[in-house]
Each structure stands twice: as C-alpha cells, then as structure tokens.
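Peer 1: Residue numbers (the working numbering), protein chains in the order written: chain B, 119 to 483; chain X, 119 to 483.
Wrong hints could be hidden among the right ones.
[Claimed, not checked] Computed list of chain X residues with no C-beta within reach of chain B, every gap over 12 Å:
1) Arg-144
2) His-181
3) Asn-273
4) Gln-402
5) Pro-422
[Stated by the list, open to error] Covered by chain X, according to a simulated footprint, are these stretches of chain B (three or more residues, beta-carbon under 8 Å):
6) 142 to 153
7) 240 to 251
8) 336 to 350
[Unchecked claim] Using C-beta positions, here's what the derived DEER-type ranges look like:
9) B:Asp-332 to X:Arg-461: 42 to 52 Å
10) B:Ala-132 to X:Ala-349: 23 to 33 Å
11) X:Glu-479 to B:Ala-132: 49 to 59 Å
12) X:Gly-182 to B:Lys-430: 36 to 46 Å
13) B:Asp-296 to X:Asp-354: 28 to 38 Å
14) X:Arg-360 to B:His-416: 52 to 62 Å
15) X:Asp-334 to B:Asp-354: 38 to 48 Å
Bear in mind the hints are in silico, worked out from the structure with no lab data behind them. Predicted, not measured: the structure shown is a model, and the values here were computed from it. Backbone N, C-alpha and C fix where the C-beta goes; we use that ideal spot for every residue, glycine too.
Number of protein chains: 2
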Amino acid sequence: MVTIPVQIPRQPAAYDVLIEPHLLHRLGEVLKARIRCERTVIITDVNVARWYLPIVENSLHAHGMHTIPIVVPAGEDHKTLDTVRWIYETMLDRGTDRSCAVIALGGGVIGDMSGFVAATYMRGLPLVQVPTTLLAQVDAAIGGKTGVNLPRGKNLVGAFYQPILVAVDPETLDTLPDRIYMAAFGEVIKYGCIQDPALLDMLERQWSRIRTRDPDFLAEIIARCVTVKAAVVQADEYDTGRRQILNFGHTIGHALEAATAYTVYQHGEAILWGMWAAGWLSVQKGYLSPEELGAIEHWIERIPKPTLRRFKVDQLWYHIAVDKKVRDQTLHFILVGPIGRARVEPVTETEVRAAITALLERFVE
Amino acid sequence: MVTIPVQIPRQPAAYDVLIEPHLLHRLGEVLKARIRCERTVIITDVNVARWYLPIVENSLHAHGMHTIPIVVPAGEDHKTLDTVRWIYETMLDRGTDRSCAVIALGGGVIGDMSGFVAATYMRGLPLVQVPTTLLAQVDAAIGGKTGVNLPRGKNLVGAFYQPILVAVDPETLDTLPDRIYMAAFGEVIKYGCIQDPALLDMLERQWSRIRTRDPDFLAEIIARCVTVKAAVVQADEYDTGRRQILNFGHTIGHALEAATAYTVYQHGEAILWGMWAAGWLSVQKGYLSPEELGAIEHWIERIPKPTLRRFKVDQLWYHIAVDKKVRDQTLHFILVGPIGRARVEPVTETEVRAAITALLERFVE
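With the hints as extra help, turn the sequences into a complete structure.
Peer 2: This is the structure in structure tokens:
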C-alpha cells in the first residue's frame, strides 16, 4: 500500500492518503485500525451507491462498525444548500452525533458537499474521503477544500476542512465512462507540467496501461499526483500564495467551461487547452521552449474530446474578468518553464487576450 | 484600552480582544491600523442597527473604509439556514469578495450567525466580532464557536472559526433592557466560580457600579471574564476536554431552558440555578463547603428573575439525557470546589436527579 502523509501546518496531526487496488474491500479493516468511531455516515450518490456502497458497507460491518448510508442524486446540479440541508436532517433522523465520522464516497461533487457537511454538522465531524473518480483521486479529495454552489456560482459557500484519512482504490475507476476517465488526465498532466516532468515520461512510455486502466500502474500515477498536491497544500493551506500553481491552465480553462455553461467540456479537457494557452504565453516570456509547448500539444491531441469552439476573445475574457482570480485589477497567472517549474506572475489583459487568440488560431478548425 | 491576546494553537496568529468604553466610535481607526480590508460587510439586526450602525459606519467611513450593511430581523428565531442563505445572496448582490471582512455587530445570535457566514462565504472571510450585549461580550464572541439552528435544535450547524479581532465597547450596554443586562451576570459569576474568586469579591464590593452600568468598571469585569475564557479556549479550541469547565451550571441550566422552550428564563438566569445544583452536588462530594454554596445562593437571590417552576425531576432529566452532553452513557459534569477551581467528573443519573431534587426543594415556593 502506498501511504502519503499530509502534514498541514496548525492541524492537530498529519493524515494519510492511502492508495491501493482493492482498498475499498479492506476499508473496514483500515478504518478500524485508524479511527475510533463505531458509527459512520456514508454520503454517496445513486450512481456510486449502485457499484460501491455494498462493498463499503460489507467491509465496515465485517469489522463491527455501524453504517448510516445517505444517498443523494448524482451531479453538480445537486451540490446545493438544499441538498446539504436535507443531508443534515437525514443525519439527525438517523441519530448522528459527534461520535460519528463521515465517509464521502464518490467523485468531486460528493467529496466537496460531504466535506462541507462534515465541516459544519455539530461544528465538525471527522471526515474520511473515499474518492471514486480519477479527478477526485488526484485533485478534489486532497487539500481540504469543501464547497457547495449557489445559484450564481460554483463553490461560493464552503470551508477549509481537512479529512482524517483519504482512501484511494484505483479499481473504482473501472466503472467510469471512458470520457470522464480520460479527461482527468488533464489534471495528471498538469502535475507533470508544474512539478514532476518524470510523471509525463511515465505516461508516455506506458500509455497502454492507462488505456487498459491497469490498477497497479494507476496507483503509481495517482501517488505521484497526490505527492505534488500534498506538498503544495502543506505550504499554503488557505490558498493565498504558492497553492495558486495548482491553477496552471485553469484561468482560461475555467473560461472555456463557463462560456459553455459547463455543458460541453469536461474540466480536464478544458484545462488541457488552458495549459496550452498558458504554455504559449510562457514561450512569449522566454520561459518555455517551443519544443516544450509542442509536448503539451501532444497531450492535448492524445486525449479525445470535443473540438474547440469558435469563441470570441471578448467572451472568454469576460469570464476571466468576473472570475475570482482577478484581484485588485491584477491577474495572477500561472506560467511554466522549463516543464516542471511553475511561476505565478502578474500578466496584463493584453497578454491574456493574445494567448486566447493564439489558442483559437491553433485549434479552431 | 485593555488588550487581551488570544493565542489559539495552530491558528496563524494571535488575535486581540480590545475592551474600552466608547470604542465603537473609534472602530474605523482601530480597524484601519489592524486589517487590510478596504471594504467590510456589517451584519447586524434591526434593534442594534437603530442604535449603533450609524456610529460604526461613520467611524469606518471617516477612515476611508467602504461599508456594506446587512440588517436581519432580531431574535433567535431568525438564526436559521434561511437567514444565512439570504445573507449570502445579499453579499453577492453587493459585490462581496475575498478582499472584504465581515463585522458581526450585535448579540450572541448575530455573532454566531455572522461568524458562520464569515466561515463559509467563499471558504472564509476575515471576521471581526463587535458584541453589543454583556452575554456576548463575556462569552459568545470569544472562543470561535459559530452556529445556526435547525428546526430540531440549536447550533446543530456551525463551525469553529476564530475572529481576527474582537472589539468590546461597554457603553453599548446602556441600551440593553435591564433583565437582559442583569441575567448576563450569571455567566460573569460562573467565571468567578470556576477560576477567578477575586472577580466575585469585586462584584460584591462594587455592586452599585454594576447597577449604574459604569462603563469603566464594566470594562474591568469584562476583561477578567475574557481572560478566563481565553485561557480555557487556548487550551482546548475544539471543546474536547478542559473547555467543558465553561459549562459549569449549564447541564441543568440548559434543561431548565429547554423544558420551558426557551421562553421563560434568560440563559444567565437558568445557569444560576444550574450552578447552585452543581454546587450542591459538589458539597455532597466534599469539594465545596456549605458556606461556599451559600455564597452561590447569595448571587441567585441578588439577580432578579422569574421564580423556579414546579418542574418534575423526570422532565428535567429527559432534557439532560437527550442533550449532546451525554456521551457513551456517561454524563460528564462540572463540579467546583473550592470556589475558583472546577473539576470535570463523570456522575451518575442518580446523583444528577438528587441535585435537581435539592434545587427544586430549595427554590420552588
């Protein structure tokens, strides 16, 4: 089993990210050894529940733990205060008190929302993240950000709340639709670009093991991503400085998502294009070689996705400007160069518009 | 100005509790020197707004700060997720972003609810507590507990979230109804009983200054209470151990409040009786002398309040048993003895029932 400790400054103790194929079947054993709660609330969605809730419950029951499953509808549309309120009420109905832990079993939506519930029910219950999508395993489940959406925007309500354990079982990726699975490699490639070039080499050499979803290889890949994210989060829990490097590709990526109302591109697909645009700007600034930008382009081509639409530059810039990343009229942008080294720098509107223009010229057919 | 630093372990920095008559008029100057936010959201209720919102806004405007006042209905009935949601939406309407701070201007309800909003809006904005009731000044505003009610109970949703500053102006107590003002001395007397016997002597010798609401004397009293609370909270932010001593008198006090649906007794009044009952049990255990219990009784008589009703012991025990303080079938109870020293000890149902019986026999006419 791969164990990656995450030591957040000022948190009472480090917590571990455990990564191992088949771990879901051993979750009861692992929890029994690590947490004192006899009763756990398992928050999951209808899709994940169908595949994995019985495995988790059986494993916990086999180790004498009582489970309170709470199953919510699937999808970002349900990541709302109304769902949170319904979860609170259901937890009360089922007698949840401060002696219980919360297990978040699912993808990013479940992780964010269950994390918020755990942070706020009776001022906080211990939280165990059990991410079941690749995106959640390499990103959302690590770092302590929780959140729910308001009608006017995503994650406008939330809290920083660290789990006591993250348990990753790459076998859960078996049931992911191919597009969802592949898109998450956008985030994996991001970690390679900002900090771990060797990760990109691994992907390159063993791409067939990615295609077959080899759980042992995926465990290695996930472990490298988690290692990068944990290191960055440890240095900047509250996202006020260095943690911004995790947003490489996200400024323009988010604009592509927002401009299409989050209905056309997967997050990982959008940030692949965002990384190319940020890479292009990095080339203009002399940090990155054209060959390295070509390597980023290679990954964009490798991951199947919808074509880039004929956006207007103004339209994408609008979404960047209203995004919370623009502060005090300065846009902090993440550049890379060489591959594996990220830089946070103020950039001008003109520079960002030029990068968007280059992106559209290069990829819109 | 009295300045009491509060150093919570694992928090990025200590924060100060400032106590001074007329401080509200100087709030702009104080904030300008201490926080970087140019814009502040002031959350308050209709009653407090009438007296103090103009003073606070004028003071902030005089120091170049922009204010966003949000005025909610007064009272515990409005400490709900619906009000919180309305505050979030109003903050969005008014362009509140992460560069803004939240000022909680009001009593415990405003402090708890604004604190929760500050903890969760965009994953946390800096929070300044400006408590305007004696109860909030000596208790609720210190310690980082925030919360809102669900239909089934008080503070079932909340977070631990420390302010960056607490500003206490004893002149705001001028406008408190006499009963609300006097009842808060229940909490003041509690601090004396658990940790600071000299505080009780001060009250005794200068009771007339309490009656006239002398702001300089009140500043001294509040400072002593805050000093005790800060020391206890620093040792146990998350309320898992030593912080329980702050609940002296609260187990039976809460039961008196709950059994009357929070409509008959003020919180401070209820805990006065709760402290007597806990004191009685402390006498039985040999920790407290009958004379010391007499001193507690003296304070009960001094603070005017409704008579103690003819409760059934079963009825009060029921509310204790469902209260979150009963864990794993063990009731942890706070005893004192001698005055100024608190002890957290497991007690039996029989012992608690005996203390309730003694209380009713002594005070029900």
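Peer 1: When the hints from earlier in the document are held up against this structure, which numbers fail?
Peer 2: Hints 3, 6, 8, 9, 13 not satisfied by this model.
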